[in-house]
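*Asks:* Put chains V and G on the given structure of chain B with help from the hints.
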Amino acid sequence: MTTTPAASRNLPAGVRAALEVERADLARAVVIVGLLALAIYGIPEFVGTDWITTFTSVAIYSVVALGFGVLYGRVGLISLGQVGLLTVGVWSGTRLSYATSLPFPVLLIAAGGVTCAIGVLVGLPALRLSGLYLALITLMFAGATTVVLAVIDFPNGGGGFKGRFATGELITEPPPVRRPSWAHADAAYYRYTVIVCALMFLLALLHVAGKPGRAWASIRESEPAALAAGVNITLYKLWAFALASFMTGVAGCLLAAQVSTPRAITFQTQDSLTLAATALIGGIFSLWGAIVAGVFNQLLPFLFQAQWGVNANFLLTVFGAGLLQVLLTAPGGLIDQFPKDMANLGRLIARKVPLTRQAALGIGSILALILGIVFLVTTSPLLGLVVVILSPVLAAFAQD
Amino acid sequence: MLRRTALGALPVALVAAVVIAIVASTGSTATKVGSGTASATKSVCGLGTGKKATGAPIKIGGIDMLIPGVDFTTIGKVAKAYFDCVNDNGGINGRPIRYILYTEQLNPAQEASLARKLIESDKVVGIVGNTSFAECGTNWKYYKSKGFVVIGAGVQAECYSTPSFAEVNMGPRYSNIGAAQALVRAGVKKLAIASPDTISAYADGGPALVAKAAGIPYKIYPTHLPVTDATSQLIQMYQFAGEGGGILLDFTPDTAPAFMKAAIAQGIVDKVKWGSSTPIANTFMAAQFPQFDGHLWINSEFSNVDPSVGPDSALMFQLLKKYSPKIAPQAFAQMGFMAGKFATNALLSINGPITAASYNKAVKALKNQKTDMLCKPFYVGNLPFHIPNNWDITVDYKGGKVVVKEKCFAIQAVDKALTQTRAFEKKLKLNTG
Amino acid sequence: MTSVLGFSVFGVDWQFLKPFIVIGLAFGGVYALSGVGLVVLYRATGVLNIAFGAIGAAGALIAYYIVNHTGWPDWLAYTICVLFGGVVNLAYGLVFGPAFARRDPLVKMMGTLGLALILLGLMAWRAPVGGAFARFLPLPSSTHRYDVFGTSVSLTQIIALGLAFAITAGATVFLRVTKLGTAMRALANDREVTATLGVPVRRVEGAAWFGSGLACGAAGLILPDLLTSLDYSALTFLVISSLAAALIGRLRSLWVTFFGGLAVGLAQSVLSPYTTVSAYRSAAPFVLAIIALLYLSRRRVVTISRTAN
Chain B
936 MTTTPAASRN
946 LPAGVRAALE
956 VERADLARAV
966 VIVGLLALAI
976 YGIPEFVGTD
986 WITTFTSVAI
996 YSVVALGFGV
1006 LYGRVGLISL
1016 GQVGLLTVGV
1026 WSGTRLSYAT
1036 SLPFPVLLIA
1046 AGGVTCAIGV
1056 LVGLPALRLS
1066 GLYLALITLM
1076 FAGATTVVLA
1086 VIDFPNGGGG
1096 FKGRFATGEL
1106 ITEPPPVRRP
1116 SWAHADAAYY
1126 RYTVIVCALM
1136 FLLALLHVAG
1146 KPGRAWASIR
1156 ESEPAALAAG
1166 VNITLYKLWA
1176 FALASFMTGV
1186 AGCLLAAQVS
1196 TPRAITFQTQ
1206 DSLTLAATAL
1216 IGGIFSLWGA
1226 IVAGVFNQLL
1236 PFLFQAQWGV
1246 NANFLLTVFG
1256 AGLLQVLLTA
1266 PGGLIDQFPK
1276 DMANLGRLIA
1286 RKVPLTRQAA
1296 LGIGSILALI
1306 LGIVFLVTTS
1316 PLLGLVVVIL
1326 SPVLAAFAQD
Chain V
2 MLRRTALGAL
12 PVALVAAVVI
22 AIVASTGSTA
32 TKVGSGTASA
42 TKSVCGLGTG
52 KKATGAPIKI
62 GGIDMLIPGV
72 DFTTIGKVAK
82 AYFDCVNDNG
92 GINGRPIRYI
102 LYTEQLNPAQ
112 EASLARKLIE
122 SDKVVGIVGN
132 TSFAECGTNW
142 KYYKSKGFVV
152 IGAGVQAECY
162 STPSFAEVNM
172 GPRYSNIGAA
182 QALVRAGVKK
192 LAIASPDTIS
202 AYADGGPALV
212 AKAAGIPYKI
222 YPTHLPVTDA
232 TSQLIQMYQF
242 AGEGGGILLD
252 FTPDTAPAFM
262 KAAIAQGIVD
272 KVKWGSSTPI
282 ANTFMAAQFP
292 QFDGHLWINS
302 EFSNVDPSVG
312 PDSALMFQLL
322 KKYSPKIAPQ
332 AFAQMGFMAG
342 KFATNALLSI
352 NGPITAASYN
362 KAVKALKNQK
372 TDMLCKPFYV
382 GNLPFHIPNN
392 WDITVDYKGG
402 KVVVKEKCFA
412 IQAVDKALTQ
422 TRAFEKKLKL
432 NTG
Chain G
5 MTSVLGFSVF
15 GVDWQFLKPF
25 IVIGLAFGGV
35 YALSGVGLVV
45 LYRATGVLNI
55 AFGAIGAAGA
65 LIAYYIVNHT
75 GWPDWLAYTI
85 CVLFGGVVNL
95 AYGLVFGPAF
105 ARRDPLVKMM
115 GTLGLALILL
125 GLMAWRAPVG
135 GAFARFLPLP
145 SSTHRYDVFG
155 TSVSLTQIIA
165 LGLAFAITAG
175 ATVFLRVTKL
185 GTAMRALAND
195 REVTATLGVP
205 VRRVEGAAWF
215 GSGLACGAAG
225 LILPDLLTSL
235 DYSALTFLVI
245 SSLAAALIGR
255 LRSLWVTFFG
265 GLAVGLAQSV
275 LSPYTTVSAY
285 RSAAPFVLAI
295 IALLYLSRRR
305 VVTISRTAN
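Protein chains in written order, with our numbering: chain B, 936 to 1335; chain V, 2 to 434; chain G, 5 to 313.
Next up, chain B with everything else stripped away, as it sits in the complex:
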């Protein structure tokens, strides 16, 4: 989905073109519904609960990456504090789950709301800062969140604001965070999560395709121009932060119920950085890119650890190389670049276009990344890491 519905609607008019666009949209909608149905009904039938649990977290982290993508890809506002916000969502979801007997959907919305309020506060500086400075202030927010949450820790079912039992009082079976009444089992909870996450994607899509999307696009292009055109910059920037934080908060509440006993130690400041890296690798301009980001963030570690028996810390190097590669050659991320590169490769092989140095290096770079991962898994860490690191180097030389 490299062109958004919003963009396609702006295409030059003409009845035939319009019809084609509509047809393309329809086809796309059918494909999406089909994929969703497959994800909801198909996958749980064919794979074990280990895969299902992994796919649940892929879905959750896709929404987090989506929040990052909406902010950066659509409005041009970067936030390096998204896992910090996710932690806020997890905390408030956990606290509300223990404190109330609200139905789960209400919990999701409430946790999203709390996170949204905090996210808007974090977004306030974005009214005046952007680029590097906004990245840094949000990263600092993530750092401060980690410290504060490490001290107050996550609720364990007790009372008070912190929701913690005094030490020694709780001697057995900390109550787990509630799951929806009809989705206790892993497969049911997976379906529930996929549906909620799909709704979040739909929410994002509606925004992007609607009036906010147009306002965001104009802000991203040029703020003074947007101001001149009468776009309420304050409103739409905060709206973007509110939307991204709300989605992240909902994802946090889903995560809280998935892991059932969330603890502060599992959320580190640097997670915000790896999330940003995977979101950029996946692609920030396309909603599909967020899913690729979720796959990189959650599925690859599972494949490395449980399926292929490879040290998952190698993924840090893969993410680093992939990030550099994508920043240099593929601003749209893998979701955008990979099909293009493969098409180019096909044309090259078919000798339809002459081989330029740049094209060769560009394709070589993406192939190196993939081959490197294959070598890591099949041959040797040394060879794999060398090839993985070669990828951004080739990408750099493809630049000039």
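No lab work stands behind these hints: they were computed from the structure. In this text the structure is predicted, and so the values were computed from the model without any measurement. Every residue, glycine too, gets a C-beta built ideally from N, C-alpha and C. Treat the hints loosely; a few may be bogus.
Computed from the model, here is a short list of chain B residues facing chain V with C-beta under 8 Å [unchecked claim]:
id : residue
1  : G1165
2  : Q1233
3  : A1241
*Replies:* Structure of chains V and G alone, referenced to chain B:
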């Protein structure tokens, strides 16, 4: 050290691997480890027959945390070494144990998938050797629903407050209680307690109760890691504890030194009494900090790492040498060894088919498991939570070695969990053998 | 707590506070050193290098290996550590510098995040940490100690402060006076124009990368001693809190960065005796950085994405 040395090291590593392979293949016929008849002075691996097990393998799984900077796989690797030894000594009545060890990156979602992978896809009969900062909390409910009891080593509260784990260690809270008791016995008048903020409420709560029971003022200092301002925190703790007071540190060997060096620099090593939980009870640290000789009251959850302590300790040294030569004898190795040993005992006690149900039933039936690595016999029992390791020793540094300062004593039952544990032990005769 | 001078600061006696001020200043050297190193490179190339910590940590691991596993003299290990920083930074700068030259400073920074992750993955592979083991890389200077206001301060702490000061002063003079320095400042303003003026852009940038890389290496050598243990993961991400000093200096002023670093160290240390906030004191760098950024943006109407240097 990265790419260049790695490249340079490759031929060396290849040669070394060949040499090790040759040595190992000749060694396995030459020296037998863990064979013979078990007695009060000799420990064997499993049946001790000296014959290789060849039947259908029995699958056992484990999950250890592996993140940049912290590697808990030592425990799983030593458990595997123990199983390898069992497999070379008749296995489980002729059947070898196949140990599947996964690593996780301190990510609860991964922990949940790996547990499900082990139980539902790999179809392991039992889970052994788990150690992580967060896995107990994530998976206890799942293990309970599947009827699994994990024999491993624990850190967080859920490892000791749910039915799903029977840890061979006692974890930071009870180790800190032991250290606080030792300091109180040594006559401290005030107690300053510090541990990482993420576990502080759990880990520091225990020693606080000890101080309260003894009528001693105490103060807790949650510490954010990585610690950057050890000196200012230490000065603050010293100002509170005062001369002759107690400072209790609950940190691993990469954090505790910041405080210990600061103490040396500020010249307060001999002005206060230093307590600590188990992680710094090792010769590596003792060699680094000779200034602390005689000033430490380190609670050690296990016996001293020394082959002369008893037959299990002796066997561990031989076993590591043969099956896992890269791992030095240390507390983590003791944990892996015990996890492997108790799981093997459970397997051997099964009459009839070995399934997840029969193995976990056998685990729950484990009691009076004697080992010289623990003060009291290990047990599991069908209990709502397990704290089987609750008697300890106090150790100190002396001339680069770890020496025993106080013999086995009971961890003070300052919380409900320990009071109930002692009641269970008495009623069900779990460790009175 | 009876007041000796009859004088207390928010309920904590001045006498008790004194050592925390000394320690805070000594420890502020850590932040000042890293912060100044970050700002020097940023001014010259527009790159905020968040691989600063990772490069230093990798260099320190090499030095650790040489000290503990070879017969080479220690000074050689230390030299290699510092040079490693310079070489890795230079290599990155040569390969990726031109490719990122025309990009936004944000993208340049994210590029160095890539480098940091690559290095961290390699370190996690080659240097695992398990069980009863930690790496120490003490410098000979840590055995020399001085008594200041009843608090012991090590020579390394003084060196850290001194080095930060020296780099700040040296870089200020260098950028003002020398031809290369002037070229760097010109580059920071406008790469295209500078290039058309006949300045050898690549060579000047290379010098900046190498020079700041040496600072990374030096910080990597000093930090494990100041923090006592060589925890490469902690060192890699300590850069996040070190950014605070650089942000207080608005990524521009070397001197404000230097004093900002001291202020961050001081704030964190002096908060320790205040019971209510003590546990949260590690958040001090982040909070100060946020305040600095908010202050920086106070009069803007439309957003700024980079400093007009």
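*Asks:* For every hint, state whether the structure bears it out.
*Replies:* Here is what the structure says about each hint:
1. G1165: violated (45 Å)
2. Q1233: Cβ of B:Q1233 sits 6 Å from chain V, so the hint holds.
3. A1241: This interface hint holds because 5 Å falls under the 8 Å limit.
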